Amino acid sequence: MLLTNYQTDSFYDEMFSEEGGIRQSYHILKSRIEGMDEKELLKRKASAEKALLSLGITFNVYGDEEEEERIMPFDIIPRIVTSFEWKKMEEGLKQRIRALNLFIQDIYGDEKIIKDGVIPAEIVYSSSGYLKECKGIKPPKGIWIHITGTDLVRDGDGQMLVLEDNLRCPSGVSYVLENREVMKKTFPELFASLSVKPIYDYPIRLRGMLEHLSDKPNPNIGVLTPGIYNSAYYEHSFLASRMGVPLVEGTDLTVRDNKLYMRTTKGLKQVDVLYRRIDDTFMDPKAFRKDSLLGVPGIFEVFKKGNVALANAPGTGVADDKVIYSYVPDFIKYYLGEEPIIPNVPTYLCSREKDLKYVCENIGNLVVKAANGAGGYGMIIGPVASEKEKEEFVGKVKADPRNYIAQPVLSLSRIPTLIEDKLEGRHVDLRPFILYGEEIYVMPGGLTRVALRRGSLVVNSSQGGGSKDTWVMG
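Read in order, the letters of the sequence shown correspond to residues 132 to 605 in the working numbering.
Any given hint might turn out to be false.
As the list claims (entries may be wrong) - Heads up, simulated SDA-like pairs for lysine to any residue below, C-alpha to C-alpha not over 25 Å straight-line:
#, residue 1, residue 2
1, K397, T412
2, K218, T382
3, K243, Q226
4, K417, T382
5, K347, G273
6, K519, Y489
Honestly, the hints are just simulated from the structure, not real lab data. Computed from a predicted structure; not experimentally measured.
Let the hints inform the model, and build the full structure from the sequences given.
If you want it as C-alpha cells, here you go:
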C-alpha cells in the first residue's frame, strides 16, 4: 500500500487532513492509488515521462554549461482543488488583476495614487520596470495587463496567499496544457469518474483576447520570440501553433510609415496585434536598449500611435517589482474600495529603516529576495544559509535597501509525490493563468510546481523543481 506509511509531518497536506483522514476531494484518487501495486504506478509514471519526452517539452537553464536543454520533471499524482475553493481563488485573482491594471494606468497617467500618498513616488520611479517613456500612453481598450501568471502558496494554516505577480512574460502555460493531455492517458478511468474542469480551450481564449485588442474584424496576429535560445522557446512555438498564428523574431518584422509589418514570401504583411515574449527594454533599440539585437527598431513608436497592440503592454513590468507587490492590497482598497480576497504574504521593505534593522538582525529566520529576482535566484533562505552567506547578503541589502524585501519562511503545503518507488510529501505552489480581454478569464487550474528535493522550498524548474497537473472539480 503506497500510502500506508505516508507522513504529513507538521505541514499542511493537500491530500490528508491534520487528523490523518483523507480530504473529500481526494477520496477517489486515493482509492485508485490503493488499487494499484507499486509496479503499475511506476509503469504509468514511466509512460507519462516517455510521452512528455516525445512531445519535446523542454526548457533551457542559463549559465548551465553541462546541460543547456532539459525535460521538465513531471509527477503523476495530481493536485485537486474543490469548486468551492476555486471560486474564491478565481474571484480573488480577478480582483487583483483589475486593481493592478488600474494602478499601471494611473502611474502612467494622472498619478492620483501617488498624489494621494498611497505609495511613495520614489518607490514607483526607482523601479527597474517603470518606463518613463510610457507616460501618457493609452493602450487599446485601456488594458495593460493581458496575460498574467500569479503565484499562490498555501501556508501552514491552510490559507492561500499571493506570493508574487508575473506580468511581463509569464511562462508555463504550455506545461499545463501538455501535462493535462498526458494525465488523461495516464489515468483515463479517473477522468471518466471525476468532473474535472477543462483547460483545452486556453489557446482559443488567448487568440480571442488578442483579437479583442484590435478594431479590425480579422486582425493579423503574431507571437514575438527572442529565438531558439530563450528558456521558454518551446512555449512560444507551442502557443503560436495552437493559435494558428505566425511565430516571428525581431528580424522578421519591420516598421514602415509608422506601421508594423511582417516579412513573408508574398511580401510585407501588416501586423495588428503582437503577443510579445520579450522583455520591455529589449523590444526596441531606438526607444530603450540600443544594444538589443532581439527587438524591432521603431516598434514602440508604432505602439504609441495606436497602430499595433502589444500584449502585455510595455511598462507593465513595474508591477512585477516585489517592493510594489507589497502595496497591492492598498491598490485594491484604493481603486476598488474592497478588501483583498487573497492576502499577500507578510512583507518587510528594506527601504524602511525599521524593517531594514529587523531584517538584518533576523536574516536567519527570513527569506530575503531581490525586488526583481526570478527563477529562485537573487534570494536567500535564512534557516538553511551558512553564516558567511547571511553576512554577505546583509551587506548586499545594506548597500541597496530599495531593491530587497523579506518575508517569513512559510511552511508551504505539501502533497504526495512519487519519489523513486514511494510516495513522499513535497512542497508546492500554484500559478494560475489569467487573460484580460473583453472579460477576465482565469484558467481553471494552472501550473502546480513541486520542489522535488527533500525539504526544499524552491519549486522553480531551474532549481530542480517539477510540475503536477492541477484538477479543479466541477
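Hint by hint, here is what the structure shows:
no.	hint	in the structure
1	K397 / T412	31 Å, violated
2	K218 / T382	44 Å, violated
3	K243 / Q226	20 Å, holds
4	K417 / T382	15 Å, holds
5	K347 / G273	17 Å, holds
6	K519 / Y489	19 Å, holds
Checked against the numbered hints listed earlier, the structure breaks hints 1 and 2; every other hint is satisfied.
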